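K.L.:
Same order as they appear, the protein sequences are chains A and B.
Start counting the first sequence at 1; every next residue gets the next number (UniProt numbering).
Start counting the second sequence at 1; every next residue gets the next number (UniProt numbering).
Careful: at least some of the hints might be erroneous.
Selected chain A positions facing chain B (in silico; Cβ < 8 Å) [unchecked claim]:
#1 Thr83
#2 Cys104
#3 Arg142
#4 Glu189
The hints are simulated quantities; they were obtained by calculation from the structure and are not laboratory data.
In this text, all values refer to a predicted model and were calculated from it rather than measured experimentally.
We treat Cβ as the ideally placed atom computed from N, Cα and C, and that holds for glycine.
Number of protein chains: 2
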Amino acid sequence: MLLDALQRSEPSNEPYLEASTTGRAHETHSLERLLQAWPLQRRRVCAKQYVFRAGQARHALYLVHAGFFKTAVVSEDGREKITGFRMRGDLLGLDALDMPTYACDVMALDTGELWELPYARLRDELPQFQERVTALLASEIRRDWSWMLTLGTLGADQRVVTFLFDLASRLEQLGFSPNRLQLRMTRAELGNFLSLTLETVTRVLSRLQARGLIGVAGREICIKDRNGLQTVLRDNTAYH
Amino acid sequence: MLLDALQRSEPSNEPYLEASTTGRAHETHSLERLLQAWPLQRRRVCAKQYVFRAGQARHALYLVHAGFFKTAVVSEDGREKITGFRMRGDLLGLDALDMPTYACDVMALDTGELWELPYARLRDELPQFQERVTALLASEIRRDWSWMLTLGTLGADQRVVTFLFDLASRLEQLGFSPNRLQLRMTRAELGNFLSLTLETVTRVLSRLQARGLIGVAGREICIKDRNGLQTVLRDNTAYH
DNA sequence: CGGTCATTTGATAGACATCAACGTAAGTGG
DNA sequence: CCACTTACGTTGATGTCTATCAAATGACCG
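Turn these sequences into a full structure, and let the hints guide you.
P.N.:
Next up, the structure:
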């Protein structure tokens, strides 16, 4: 139950414009609707380009309008950890709201468009905005906790499957097909997010494909047997 | 740099009332000062007692005034993950601000006192409160990310050392000695938080003690050689 | 003082990391 | 248009960290 509310991670965007079974314009888009009357600064970014980096002066909040992004934290000694993948409707920079500088790196994984939100003005002039921001902050915490649970208690296969389900669910929310996933990150990035090596990610995907549960063609993955994948989650619950 | 701002996890409370070198009344206590004029409902809890559990109707926010607590999420199939240890100055229930029910379990690890904060009223009547809550939410996210980094990229020894440093730092902020740590959680709980087994935690502590870096007597741990411990962190940076 | 729970330590095994090649795709420049 | 380069992905062999299993000791409590 908690899980349903929490799980999240990944995106794929412009292709696959099929109709979703559940309709469009979900929670994710509510911020966009809220901001329709505002003249927002837009910013285009290309793949591998940083939106901002930890330590830079915080100018604004960014609302993802298109494209895929990764957020990451880095330690002094260079260890990096991808904390999430962001897509349309996600807000970037929230985690530094109380700071003068950004607290994480955000990199575009493909070309995308961002809307620059002037936080202070929106907060003061748009009453629902503050509330929305609070909700987004809280849900980010729950999402993080959910991933901590996943990474801390599940084995490699189950982590990957959890990721695939989460990505599929997010895509579906945006109106895309939940069965054809276009990964925008490398195996290494996926592995980093899941606390696995890139080789392990590859092996898991191959394994799942061999069992007929998914189809893998590079970064294009299709989900063939949802129940089978659910079984993977239920079965060998490694650890603890 | 990021790390310093982020790391956090653990507490120990009433004993060790030594003077801290850095003075008192830090950021952590600012909420208490802010609330001095308010008549707050207080609640006493005993060890092993739940403050609230995930799914229960959300009544209020709780400010920890005394005692130690653990927050945990649980999946449908019973996997549990401790997401943090909370002490004086921490706010409980923040992660569910936008929900009708709590999103995690909170259990007292010893006797403690909580102050019940009526969120809606405080938000409306105390302007600085909203701001404070936002800051706390954001810093919880950064803290979570920092632990994700630690758990995802460091080996067992380094996780435990990171934990000890974090705990020591938090204790110092509260005015206690940063060198004598009274753990309030079992090895199993510590292991759960660090994504290790209780046996591994025990072994690491024994190992560090054998090297003369710390002293271990059950749940009482004293830090003997900070530099030596720093070395552990620098050295064998396992993984990736 | 028996009984439960927490901690410690040892022996063993397994899952995943590491190391090493090789295959594939895409982009560059001659 | 095709070597050449570079980045990414796949697969295999091997190693190791830490989980698992097991047992003994100690602490606390009714």
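K.L.:
Does the CB of Glu189 (chain A) sit less than 8 Å away from some CB of chain B?
P.N.:
12 Å, violated
K.L.:
Minimum Cβ distance from Cys104 (chain A) to chain B below 8 Å?
P.N.:
At 7 Å from the nearest chain B Cβ, Cys104 (chain A) passes the 8 Å test, so the hint holds.
K.L.:
Hey, does the Thr83 (chain A) contact hint survive, CB to chain B under 8 Å?
P.N.:
At 5 Å from the nearest chain B Cβ, Thr83 (chain A) passes the 8 Å test, so the hint holds.
K.L.:
So, Arg142 (chain A) near chain B? Judge it on the closest CB pair being under 8 Å.
P.N.:
5 Å, holds
Comparing the model with each earlier hint shows a violation of hint 4 alone; every other hint is respected.
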